[in-house]
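Asks: From just these sequences and the hints, can you work out the full model?
Number of protein chains: 2
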Amino acid sequence: MTGETNRKPTSFDVARRAGVSRSAVSRAFTPGAAVAEDTRKKVLAAAEELGYRVNSLARGLQGDHSGIVGVLASRLDTPVRARQVQLLAQSLIRDGFRPMLVTAENPDDVAGLFDTLLGYSVAGVVVTSDTPPQSTIEACRKTRVPVVLINRDAVVGWGDRVISSPDRSGQMALCMLRSSGATRFGVLEPQGHTFSVTGRANAFKEAAGACVCLTSKDQSYSAARAAVSAVGRAEVARVDGLFCATDLMAIGALDGLRLDLGLNVPKDIQVVGFDDIEQASWGAYDLSTVRQDLEAQADIALDLLKSRTETPDLPIRTEFVPLTPIYRSSTKS
Amino acid sequence: MTGETNRKPTSFDVARRAGVSRSAVSRAFTPGAAVAEDTRKKVLAAAEELGYRVNSLARGLQGDHSGIVGVLASRLDTPVRARQVQLLAQSLIRDGFRPMLVTAENPDDVAGLFDTLLGYSVAGVVVTSDTPPQSTIEACRKTRVPVVLINRDAVVGWGDRVISSPDRSGQMALCMLRSSGATRFGVLEPQGHTFSVTGRANAFKEAAGACVCLTSKDQSYSAARAAVSAVGRAEVARVDGLFCATDLMAIGALDGLRLDLGLNVPKDIQVVGFDDIEQASWGAYDLSTVRQDLEAQADIALDLLKSRTETPDLPIRTEFVPLTPIYRSSTKS
DNA sequence: TTGAAAGCGCTAACAA
DNA sequence: TTGTTAGCGCTTTCAA
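Line by line, the protein sequences are chains A and B.
Residue 15 in our numbering sits at position 15 of the first sequence; the count goes up by one each step and never skips.
Residue 97 in our numbering sits at position 97 of the second sequence; the count goes up by one each step and never skips.
The reader is advised that the hints may include incorrect statements.
Since the list gives no way to pick one copy over another, a pair counts as held whenever it fits inside one copy or between any two copies.
[What the hints assert, rightly or not] DSBU-like mimics (lysine-lysine), calculated; alpha carbons at most 30 Å apart, straight line:
#1 Lys142 / Lys217
#2 Lys332 / Lys205
#3 Lys8 / Lys142
#4 Lys205 / Lys41
#5 Lys8 / Lys41
#6 Lys306 / Lys8
#7 Lys306 / Lys217
#8 Lys267 / Lys8
#9 Lys205 / Lys217
#10 Lys306 / Lys205
#11 Lys41 / Lys142
#12 Lys142 / Lys42
Just so you know, these hints were derived from the structure itself, not from any lab.
The structure displayed is predicted, hence computed values, not measured ones.
Replies: Written out as structure tokens, the structure reads:
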């Protein structure tokens, strides 16, 4: 029984074995199709014996989508992104979709990769990072492929969005620091522009009025730590309430503040982050932060996708994700 | 120009516009096919104008695989897994494959989900977590679908493997602790059995001889921390060299040791982890560990997949991933 | 409720 | 090098 090669059984094989037509087989595997319960059972039994499974490629070729959903996600090894993708994948799978992961190593690759997705007759595309090229988005619109953007800028003409309001995020962070007694504010943000990250940093600055701005090379732990350390103790001491645009950066800042500059958090300076990644709750950091509800994010994304599939001509929508202040010991209260 | 719905152009449309046959179009899009450079250009131009892209579903239906590779990966929000999947996805994409992510929320779902992968005529399956059902593996063998197992037990009859040798992992950890002056060893491992995690813990025990064993509920930070704290200072103080089966657990242990038990690492007790996740290098932990080379892991997995595709009847192989000792400040040297 | 027949968009074998 | 032809495995009218 070892070593033999079998051809995959087709609906034809099943049909013959069950003594019915191929249409009957197709119906037996189509939820809600008109089949006699009796035939259905015969078909299922025959299929079981033969080890038959529906060929999704053929089914997708026939119907108007393959059930595959493209998931654009770079920097997957970042805690937030990993969790986003995990939850998104689970939601999609739960609903019978299949996530196809597209990670670009190089931003220039995004266009081409996204483009090939369309060749799989995807049921939709979810974008969690990178900015897809306008031309491809346009192709999605024309062929009525739903696009959902997570924490991204609005894309002209097509794409529903689910976002954590940058304004409310920045304001909530400020509010947390204020209510913990901070009065001289600072913000740490990465270079370059991102809708959500830069957005909430700006909202924080605007709400705070006077504000010391620190800039790190990117969103990484090490860049954030280096940025804080480079500024030096004297300069940092002018601030007693620091908002870091992401938890990862906040954790880098915490290590910079304590380990490199010898400051005491929260006594000398209080720190608030954003996201509530798992690491924020680790004992050594215990970081106060603004949590964005990623479960809700995933569910909303899925809802937008499904409703858009049913009614392609719906106006374009923007949904907001719940935010919660989480007080831990990097702030005083 | 807004609101119109277009049908997707097919190779037929392109053929007509370029004044050639559909085969010519097909050839123009097949690397290494016999086409005159001139025709190829005409076709590409026409395709560009029409916004045509090859329908991978149809292509996959015709050929023997769709270019999709199933990636089985649960607990994606764990640092190691996230990085594994990221690197794997990049390697696959670089070679023209498309990773389809399968995350099971519930272990019972794995079987069904894995099964549906076969319906997409996958070019292969990579397993990074969970244990796929024997029956499906058998189906893969029969239909010659390559299976690559990462840090998993051998599966009867089919599946190439890439692993970090549990024996060498455990031994290397012990060696690190010994060379840093530890003499009384302990190991922290999670309940349940996993090929790699349990494997290296056992190898460590065996090589160490006498050894205090701590068990945590699972592989999480919090379970590890709780396990260490629950044991108490007196008991833990009997150990001066602790190996934790993963970095995540080691970090939990570190917080338990320092924050909950008030011990000094590395003075009172030295700690070594496994994986070298990014967090291990964070200032607050600075954990000594055994690094498994995840880049190599991904590349080897891809190689196994490709070679198996070319030569399905190759004997089953097991490849090893490079291991490197990383000394940081949770050990004395 | 069932079956026959017509494609879905593509590639591969064959002939020209 | 090119075009013609025959499917890949499925779903879906349309009649029965």
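Asks: Next step is simple, just say for each hint if it's right about the structure.
Replies: Hint check results:
| no. | hint | in the structure |
| --- | --- | --- |
| 1 | Lys142 / Lys217 | neither (38 Å within a copy, 52 Å between copies) |
| 2 | Lys332 / Lys205 | within (21 Å within a copy, 44 Å between copies) |
| 3 | Lys8 / Lys142 | between (36 Å within a copy, 9 Å between copies) |
| 4 | Lys205 / Lys41 | neither (65 Å within a copy, 54 Å between copies) |
| 5 | Lys8 / Lys41 | within (21 Å within a copy, 38 Å between copies) |
| 6 | Lys306 / Lys8 | between (32 Å within a copy, 21 Å between copies) |
| 7 | Lys306 / Lys217 | neither (38 Å within a copy, 38 Å between copies) |
| 8 | Lys267 / Lys8 | neither (68 Å within a copy, 62 Å between copies) |
| 9 | Lys205 / Lys217 | within (19 Å within a copy, 44 Å between copies) |
| 10 | Lys306 / Lys205 | neither (37 Å within a copy, 52 Å between copies) |
| 11 | Lys41 / Lys142 | between (41 Å within a copy, 26 Å between copies) |
| 12 | Lys142 / Lys42 | between (42 Å within a copy, 24 Å between copies) |
Checked against the numbered hints above, the structure violates hints 1, 4, 7, 8, 10; every other hint is satisfied.
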